[in-house]
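Got chain Z; can you put chain R on it based on the hints?
Protein chains: 2
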Amino acid sequence: MADLPSLWTHEPHHILTFRPGDKVADIDAGATPGFDGSKSDAPELQAERNERFAELQEMLYANGRAGDSRSVLLVLQGMDTAGKGGIVKHVVGAGNPQGIDYTSFGVPTAEEKAHGYLWRIRNALPAAGQVGVFDRSHYEDVLVVRVHNLVPPEVWAARYDEINAFEKELVDSGTTLVKVAMFVSLDEQKRRLAERLERPDKYWKYNPGDLDERKLWPAYQEAYQAVLDKTSTGYAPWHVVPCDRKWYSRLAITELLIEALKSLGMSWPPADFDVDAEKKRLTQA
Amino acid sequence: MADLPSLWTHEPHHILTFRPGDKVADIDAGATPGFDGSKSDAPELQAERNERFAELQEMLYANGRAGDSRSVLLVLQGMDTAGKGGIVKHVVGAGNPQGIDYTSFGVPTAEEKAHGYLWRIRNALPAAGQVGVFDRSHYEDVLVVRVHNLVPPEVWAARYDEINAFEKELVDSGTTLVKVAMFVSLDEQKRRLAERLERPDKYWKYNPGDLDERKLWPAYQEAYQAVLDKTSTGYAPWHVVPCDRKWYSRLAITELLIEALKSLGMSWPPADFDVDAEKKRLTQA
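Same order as they appear, the protein sequences are chains Z and R. Counting in our numbering, the first sequence runs from 281 upward without gaps. Counting in our numbering, the second sequence runs from 281 upward without gaps.
No wet-lab data here; the hints were simulated from the structure. By construction, the Cβ of each residue, glycine as well, lies at the ideal position given by its N, Cα and C atoms. Don't take each hint at face value.
Claimed, not checked - Here chain R is said to cover these stretches of chain Z; the calculated rule only asks that three of the stretch's residues, wherever they fall, bring their Cβ under 8 Å from a Cβ of chain R:
no., stretch
1, 400-410
2, 471-481
3, 509-522
What the hints assert, rightly or not - Once the Cα atoms are required to be at most 20 Å apart in a straight line, the calculated PhoX-like pairs of lysine-lysine come out as:
no., chain 1, residue 1, chain 2, residue 2
4, R, K369, Z, K369
5, R, K485, Z, K482
6, Z, K485, R, K560
7, R, K495, R, K485
8, Z, K559, R, K495
9, R, K448, Z, K559
10, Z, K560, R, K319
11, R, K485, Z, K559
12, R, K495, Z, K470
13, Z, K560, R, K559
14, Z, K482, R, K560
15, Z, K495, R, K559
16, Z, K470, R, K510
17, Z, K470, Z, K448
18, Z, K559, Z, K470
19, R, K526, R, K319
20, Z, K369, Z, K319
21, Z, K495, Z, K485
22, R, K485, Z, K560
23, R, K526, R, K369
24, Z, K559, R, K470
25, R, K485, R, K369
26, Z, K369, Z, K482
27, Z, K526, Z, K482
28, R, K526, R, K470
29, Z, K559, Z, K369
30, Z, K319, Z, K526
31, Z, K485, R, K559
32, R, K495, Z, K560
33, Z, K495, R, K495
Stated by the list, open to error - Each pair of labels, with its calculated beta carbon distance range:
no., chain 1, residue 1, chain 2, residue 2, range
34, Z, N487, R, S320, 43 to 51 Å
35, Z, N444, R, S286, 55 to 63 Å
36, Z, G454, R, I295, 43 to 51 Å
Chain Z on its own, in the form it takes in the complex (with noise of 0.2 Å):
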């Protein structure tokens, strides 16, 4: 944990991994697993944190543009309200945008419609010396399509393989995924769509459809259950990721990607010129 900052007891990607037999029921979002320190040192913690992630996003980039085809894949699922937005802006925002791929998948279009599931995620998969980002991914076709029976359900049912198969394919090509469950309780569910009423300068993320889903939390509960259960593999585990506190959320998100880009074993890419010509050369340039 040399690279840990010591607030932390416990690696983040360790504690908060999804262990078979791990229930969504018991899952307290307003818990923040591992660490030790509270909000008041979240900020400059934060901060030196971001320039962490900027660096090793950096150096993936270099190294992709060196011939390197490996890249990271960030997903991120939760419900309406866990943060998935707060996550692109202050985690993922201290990146730089020449390696930053971001997608956000929303109700299919016509187009998307008329090919098969995994067509448009395959479509927005990050390139070498990329860190992707899915705001929603092909997840949802296991879970809002599972909750209101949008296909019949042997071909949700069959998902889980696929996305196995897909995800399968995709590690041994190079590509590290971050798969993130966000999590918030109910009632601070209530507490963020009340803010986003309050004020007008968040009407525009405010949403009367998400009044609908949140009565179909149970269902929900039991859908993002069976995504864990079934896809949550050992070349892409899940991380189970309590929301209800957004600088715990910020800080843990921040540290899964860290470790993802630690684990690429990178350093800066070496000349692939003659240093010492090229210098002499451009004395006389």
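Okay, now just chain R, sitting in the frame of chain Z:
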């Protein structure tokens, strides 16, 4: 200039606009036009203006979500080492990845070459609510292409009008163009190239071909002069930014973006639902 920090004696979008008759040969890349401060003023001011940019960028994104079709497109052109990458990282990077659409244009791929030169450009145009960033652009097709005679003279010569027509179409469809020509001096370029050769963490940015391009400086100056003379239009003017002082170019381009966003006269989108009714529904949900 209510919103402009007082260290600016002139609005950057005025003082940096290319004017008919201006000569590229006369540009002082070390100058700081319109700015009455120094390098020591830059960090605090940059941080403050980054926040202002981020706020306006989020407002554009919010309006895009609410049905406003407008967008902003920053076009960055400049000689090697002028600092395009630094603008992307330190200026654009202050925005939210959700609303930033970055594209780098390199040597055309086989697929790109099979189409007209504007094909890849059109494919990369920002969607509603986005701040697009072009790191190099269609102007490569009248810069490097002209200098290296990659197409016959009558072909590149026709492109200035084609580009003007293309940009007119863009502007008419709601895209505000911010075209920035970044100028670095020969001496400063040499210093920056030397730095890349001294630092192993910068080798990846060094390209031996840059030294060959350096020898073509006069031809590039001529090509830039033609670009500015022929494509600085009322609806899509060029801004000429001296870039020997990175802190100045970053502050200046931040202001150009802020001004472009402010010119859209946006406010937060109004609620497209009954706020009081939703508050009532929420208390019962």
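Status of the hints after comparison with the structure:
no.	hint	result
1	400-410	violated (count 0)
2	471-481	holds (count 5)
3	509-522	violated (count 0)
4	K369(R) - K369(Z)	15 Å, holds
5	K485(R) - K482(Z)	41 Å, violated
6	K485(Z) - K560(R)	18 Å, holds
7	K495(R) - K485(R)	19 Å, holds
8	K559(Z) - K495(R)	16 Å, holds
9	K448(R) - K559(Z)	45 Å, violated
10	K560(Z) - K319(R)	32 Å, violated
11	K485(R) - K559(Z)	15 Å, holds
12	K495(R) - K470(Z)	64 Å, violated
13	K560(Z) - K559(R)	71 Å, violated
14	K482(Z) - K560(R)	18 Å, holds
15	K495(Z) - K559(R)	16 Å, holds
16	K470(Z) - K510(R)	57 Å, violated
17	K470(Z) - K448(Z)	37 Å, violated
18	K559(Z) - K470(Z)	62 Å, violated
19	K526(R) - K319(R)	9 Å, holds
20	K369(Z) - K319(Z)	19 Å, holds
21	K495(Z) - K485(Z)	19 Å, holds
22	K485(R) - K560(Z)	18 Å, holds
23	K526(R) - K369(R)	12 Å, holds
24	K559(Z) - K470(R)	10 Å, holds
25	K485(R) - K369(R)	14 Å, holds
26	K369(Z) - K482(Z)	15 Å, holds
27	K526(Z) - K482(Z)	17 Å, holds
28	K526(R) - K470(R)	15 Å, holds
29	K559(Z) - K369(Z)	41 Å, violated
30	K319(Z) - K526(Z)	9 Å, holds
31	K485(Z) - K559(R)	15 Å, holds
32	K495(R) - K560(Z)	15 Å, holds
33	K495(Z) - K495(R)	68 Å, violated
34	N487(Z) - S320(R): 43 to 51 Å	46 Å, holds
35	N444(Z) - S286(R): 55 to 63 Å	59 Å, holds
36	G454(Z) - I295(R): 43 to 51 Å	48 Å, holds
In summary, the numbered hints that this structure violates are 1, 3, 5, 9, 10, 12, 13, 16, 17, 18, 29 and 33.
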